[in-house]
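Colleague: Residues per chain, in single letters:
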Amino acid sequence: MPDVLLDRILTQAWALSPSVALRPEPFGALAYHFGNRKLTFLKRPELVQVVRVLAEHPDVRSALVAAGVPESQHAAYGAALRGLARTDMIRPREQELAS
Amino acid sequence: MTPTELKTQDDSESAEDMVAEDLIEEVSIDGMCGVY
Amino acid sequence: MTAVQERPVGGSLIDQFELGLDAPICLTWELTYACNLACAHCLSSSGKRDPRELSTAQCEAVIDELQRMQVFYVNIGGGEPTIRPDFWHLLAYAVDHQVGVKFSTNGVRITPERARVLASTDYVDVQISLDGATAEVNDYVRGTGSYDTALTALQNLQDAGFKDAKISVVCTRENIGQLDEFKALADRYGATLRLTRLRPSGRGADVWDELHPLPAQQKVLYDWLMAHGEDVLTGDSFFHLAAFGESLPGLNLCGAGRVVCLIDPIGDVYACPFAIHDSFLAGNLLDQGGFQRVWQTSELFTELRSPQTGGACAKCTFYDTCRGGCMAAKFFTGLPLDGPDPECVQGYGETALAGARTIPAASQDHSRSGPTRNQPVMLQLMTRPPVSACAQSPLAGFEAAPSSQNGCCS
Chain A
10 MPDVLLDRIL TQAWALSPSV ALRPEPFGAL AYHFGNRKLT FLKRPELVQV VRVLAEHPDV
70 RSALVAAGVP ESQHAAYGAA LRGLARTDMI RPREQELAS
Chain B
49 MTPTELKTQD DSESAEDMVA EDLIEEVSID GMCGVY
Chain C
14 MTAVQERPVG GSLIDQFELG LDAPICLTWE LTYACNLACA HCLSSSGKRD PRELSTAQCE
74 AVIDELQRMQ VFYVNIGGGE PTIRPDFWHL LAYAVDHQVG VKFSTNGVRI TPERARVLAS
134 TDYVDVQISL DGATAEVNDY VRGTGSYDTA LTALQNLQDA GFKDAKISVV CTRENIGQLD
194 EFKALADRYG ATLRLTRLRP SGRGADVWDE LHPLPAQQKV LYDWLMAHGE DVLTGDSFFH
254 LAAFGESLPG LNLCGAGRVV CLIDPIGDVY ACPFAIHDSF LAGNLLDQGG FQRVWQTSEL
314 FTELRSPQTG GACAKCTFYD TCRGGCMAAK FFTGLPLDGP DPECVQGYGE TALAGARTIP
374 AASQDHSRSG PTRNQPVMLQ LMTRPPVSAC AQSPLAGFEA APSSQNGCCS
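Residue numbers (this note's numbering), protein chains in the order written: chain A, 10 to 108; chain B, 49 to 84; chain C, 14 to 423.
Careful: at least some of the hints might be erroneous.
[Stated by the list, open to error] Chain A stretches covered by chain B per the calculated footprint, using a threshold of three residues with CB under 8 Å from any CB of chain B:
1) 63 to 73
2) 87 to 100
[Said to hold, decoys possible] Subject to a maximum C-alpha distance of 30 Å in a straight line, what follows is the list of computed DSS-like cross-link-like pairs (lysine-lysine):
3) K61(C) / K179(C)
4) K47(A) / K328(C)
5) K176(C) / K196(C)
6) K179(C) / K232(C)
7) K47(A) / K176(C)
8) K47(A) / K196(C)
9) K232(C) / K196(C)
10) K179(C) / K196(C)
11) K328(C) / K232(C)
Calculated from the structure, these hints are not laboratory results.
Think of the CB as a built atom: it goes at the ideal place given N, C-alpha and C, for glycine as much as any other residue.
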């Protein structure tokens, strides 16, 4: 995924990848990708909620709002989601439809 | 979900300082000692 | 639920993991103590099947429970797991129940046919054990023919199109000089190299003095690993080497009883596979409440999840990175758990080893009695007294026919 597209992540539609298991923890969640064996620690319950509801929202920004993430943190959450995209934990929804 | 007035502890500091590393951390599934 | 500790919000992974989780992230499951080999350093003292081994149905129930707990990944080992007749069934069962599997094998049953099946199965990782880049070095500790068996398995996997097998090496005094050759072997077979630490566990206790890397070799290993970065795996085996400078990739954390554990062939649950001893036995999953109850409420694991003081190590400037080293390495060399690791890179371990200590008696021994056809040369040599103080050759007085003693495992 070219970075120029990732920069616009807040305006795009994304979803959790199908091979990812999300395991709740007291501190947030563990996300494990069965295909590439990447393990990511989601450190905030708000981020876990965002990831859970991503697919139901037309774009990332509305998922952040729905999860109660203050706007001042949207850039940081966007950066975190870009990190998740780089390891295929989340995928753009256009790609989902195409595959 | 979380009402916006329920702030997490860090919000009293400048939330603009929050970075991706505060939110996610990657580790290798092979990166835990005790599995041969 | 695990006993609730005061949990910090956010923070590092290590802070969270040290307090333990409601389920392991991954674990080792030894399916059988039976083995076709008799490696000198076997951490589980394997050889003979234990008659109390879990049945197929009991193993399926364990997998069901691991699925419910969302254990992501299981390392299936032994003994030699593939010699259980139901191994391939259990492998498929695990995959079908959302439990990812890596299995550790000496390669004996990885035929071209099996390799083809594996190549067509998602979510299965294969790890071949190899402790020498040449037959001479490998077979010295693993027995005659074991090198050939491993390489044949690797070739069969490659020919079948299996991607990214693992070659797992236990680093010893004998093989530290072969690191580049190991890497070349892995590259040749399209595999990933994994270097791991020799622990004085199981039969390893009997050969540790002769086999563990010397201090200078630890530095060679550390430098080599730093140079190879993420290309070479370590299973976070060498976090005690962080005291050399930068940490190696990985959590740098003892996972025992916190994020990993061992399930043994009879359902006993230990803190980790390097700690198969009554002192590290948390319970048995056949008891009421199953594995989950043992994991979440056993006294041993609750103790391991409480904040650990560094003891004598806490004042050392490197404590933050090395965390006092490996609990199992300390225990099986008779060192106190709140003191230095026997291979502490600052040298505190050597000092401790020179002092008074009592090596704990083994709780278990599943070794086959009597020398076997493929008994490693190392053990054959160790069972005989020296021929004469002047004998030059290490094979002086060696006879091919086995004698009646039990070898080093009595």
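Colleague: Confirm or reject each hint.
Modeller: Checked hints:
1. 63 to 73: violated (count 0)
2. 87 to 100: holds (count 6)
3. K61(C) / K179(C): holds, 26 Å
4. K47(A) / K328(C): violated, 35 Å
5. K176(C) / K196(C): holds, 16 Å
6. K179(C) / K232(C): holds, 24 Å
7. K47(A) / K176(C): holds, 17 Å
8. K47(A) / K196(C): holds, 23 Å
9. K232(C) / K196(C): At roughly 18 Å apart (the allowed maximum being 30 Å), K196(C) and K232(C) satisfy the hint.
10. K179(C) / K196(C): holds, 11 Å
11. K328(C) / K232(C): Between K328(C) and K232(C) the Cα gap is close to 23 Å, so the pair holds against 30 Å.
Consistency note: the structure conflicts with the earlier hints numbered 1 and 4.
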